[in-house]
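**Student:** This is what each chain is made of:
Protein chains: 2
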Amino acid sequence: MAFATKATIASFGGKLFKLSHSSSTTGTPMAVNLFVPPSALSSSKKAPVLIYLSGLTCSPENCSEKGFFQHRASQLGLAVVYPDTSPRGLDLPGEKDSWDFGEGAGFYVNATQQPWSKGYKMDEYITNELPSTLFSDAEFGKYLDADKVSITGHSMGGHGALTLYLKNEGKYKSVSAFAPICNPSKCPWGEKAFSGYFGAENKEEWKKNDATELIKTWGGKDARMLIDVGTGDNFYKQGQLLPENLEAAVKEAGVKGVDVRYQKDYDHSYYFMASFSDEHVDHAAKYLGLL
Amino acid sequence: MAFATKATIASFGGKLFKLSHSSSTTGTPMAVNLFVPPSALSSSKKAPVLIYLSGLTCSPENCSEKGFFQHRASQLGLAVVYPDTSPRGLDLPGEKDSWDFGEGAGFYVNATQQPWSKGYKMDEYITNELPSTLFSDAEFGKYLDADKVSITGHSMGGHGALTLYLKNEGKYKSVSAFAPICNPSKCPWGEKAFSGYFGAENKEEWKKNDATELIKTWGGKDARMLIDVGTGDNFYKQGQLLPENLEAAVKEAGVKGVDVRYQKDYDHSYYFMASFSDEHVDHAAKYLGLL
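Chains as they are written, first to last, in full-length UniProt numbering: chain A, 1 to 291; chain B, 1 to 291.
Source of the hints: derived by calculation from the structure; they are not laboratory data. It is possible that part of the hints are untrue.
In this list, chains with the same sequence are indistinguishable; a pair is considered to hold if it fits within one copy or across any two.
To be verified - No more than 30 Å apart at the CA atoms, straight line, and that leaves these computed lysine-lysine pairs for DSS-like:
no.: 1; residue 1: LYS203; residue 2: LYS251
no.: 2; residue 1: LYS66; residue 2: LYS6
no.: 3; residue 1: LYS66; residue 2: LYS46
no.: 4; residue 1: LYS18; residue 2: LYS264
Generate coordinates for the entire structure from the input sequences, incorporating the hints supplied.
**Tutor:** Encoded structure:
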């Protein structure tokens with residue numbers, strides 16, 4: 001077994017497994033939560049998978065408890081994977097100095113700058129190591145349909161979902177995001193993170209990890225992309241999210257299938273996410289053959 | 001305005017108001033959260049009210065964020081009130097020494113023993129002061145139908161819901177509870193709390209605040225009572241909840257309308273509650289004229 005099971009929790013008729021495994025990509029133990037819906041537990045019918053990427057400071061726990069994905073995922077027969085947001089325990093200098101850089105803030109990129117290039121390879125971890133380990137696992141692989149995977153995320157995790165989706169055409173059946181950082185090259189959070197992980201001058205690497213830049217040259221026809229942003233979100237108001245920049249790039253590039261919705265009064269919190277997670281599960285389910 | 005509004009949060013189409021008011025019953029400021037469903041915000045149609053009583057250590061915040069009552073309450077047009085679990089800030093000797101007695105652990109009783117009798121009057125606060133203040137409030141009263149109120153709760157709050165319901169026949173239209181302490185006179189949590197709040201010898205007062213005792217002499221015909229208990233709940237296994245004692249008393253007294261369900265594998269957490277909160281809202285809604 002690649003995974004140690006820290007807890008098994010009954011949730012909405014299914015089971016939430018709190019897991020840990022040793023990652024060769026990050027060089028650390030990595031925590032991950034897995035929700036298996038009742039349909040997959042009680043039969044040999046494998047469940048399609050939704051990967052949920054968390055925002056700054058979060059662990060697999062926050063959304064498992066407060067995001068409400070299990071509610072609709074259980075009804076439709078969808079598994080949900082909640083990875084962590086960075087390696088933990090590398091003990092790099094400055095790793096814990098900021099809440100928006102380093103531990104809890106891996107930004108789903110492969111860092112090229114020392115010392116972060118040591119283990120801050122969350123792109124590689126989410127794209128390759130975690131799914132291949134999970135799907136081939138003797139205990140948990142049997143529940144999961146490796147050919148039907150979608151991705152979603154919140155804030156920094158929304159940036160992660162959008163960029164990993166755009167970078168890997170065909171790998172995910174759809175993408176959605178809650179209050180994503182849409183143009184990290186142009187906002188304070190992204191500038192700080194990319195300067196640290198790639199270097200301030202390495203703007204080519206910045207572009208390769210920025211949804212607004214990526215969509216300009218994206219080769220796909222139908223983006224199958226749903227984005228919700230709350231109009232009461234202070235980070236949106238402060239220019240950290242910049243969904244308008246993504247919308248402009250989508251329009252200029254002529255990409256179809258992008259639905260950006262502005263939800264009146266909603267903030268940046270899990271209250272916002274929980275209010276729309278049913279709809280994001282439905283969005284994924286449509287492309288995963290469940291609706 | 002009796003209430004200071006600390007935050008207004010969009011949630012499931014409605015608004016969650018984080019409020020605080022000065023309570024003459026407890027002699028302290030009291031925090032309370034109020035969810036107003038979209039139907040009451042957008043029209044003059046007042047919403048029936050579900051009062052949710054939290055468990056040990058909790059504040060109004062926990063269930064507002066993790067219980068997911070808002071999901072179904074929003075659909076049906078139900079308001080939800082989340083009170084606190086005790087006075088906070090009385091600065092009584094020993095008030096913060098235990099997680100299961102004193103602050104965060106008021107047990108929804110009117111303490112008779114010094115020093116707790118000073119402000120630990122959560123029965124009085126929940127039964128009278130809070131609803132009368134809320135329903136007559138210039139800002140929030142207009143949303144709430146004071147004639148249609150039900151009550152629910154979790155663990156210590158389940159004990160609170162059951163006892164306040166049984167003590168006040170006709171005041172609440174229905175009652176439900178998640179993993180309630182059903183027979184506090186006979187379990188360690190209850191023995192500690194009642195010894196402290198009433199004195200170890202004052203067994204008459206214990207009986208008046210114990211659902212299993214109260215139901216033996218209850219005068220009603222149809223209890224409209226739904227209880228869920230998880231079979232994987234460690235507190236259940238340790239004999240803190242004792243739903244079987246309540247069931248035996250119900251049977252002996254010939255009370256109708258009590259539905260105690262044992263939910264396989266579920267634990268004592270918000271994962272458990274969230275999984276069944278839709279059904280508890282439906283239970284209340286049936287008796288509040290919403291279903």
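**Student:** Given a CA cutoff of 30 Å, do LYS66 and LYS6 count as a within-copy pair, a between-copy pair, both, or neither?
**Tutor:** Result: close both inside a copy and across copies, 19 Å intra and 21 Å inter.
**Student:** When Cα atoms must be at most 30 Å apart, do LYS66 and LYS46 count as within-copy, between-copy, both, or neither?
**Tutor:** both (25 Å within a copy, 28 Å between copies)
**Student:** Check LYS203 against LYS251 for me: Cα-Cα at most 30 Å, and say if that holds within a copy, between copies, both or neither.
**Tutor:** For LYS203 and LYS251, only the intra-copy Cα distance (23 Å) is at most 30 Å; the inter-copy one is 74 Å.
**Student:** Between copies, within a copy, both or neither: which fits LYS18 and LYS264 at Cα up to 30 Å?
**Tutor:** Between copies only: 19 Å across, 34 Å inside.
This entry satisfies every hint, going by the numbered hints stated previously.
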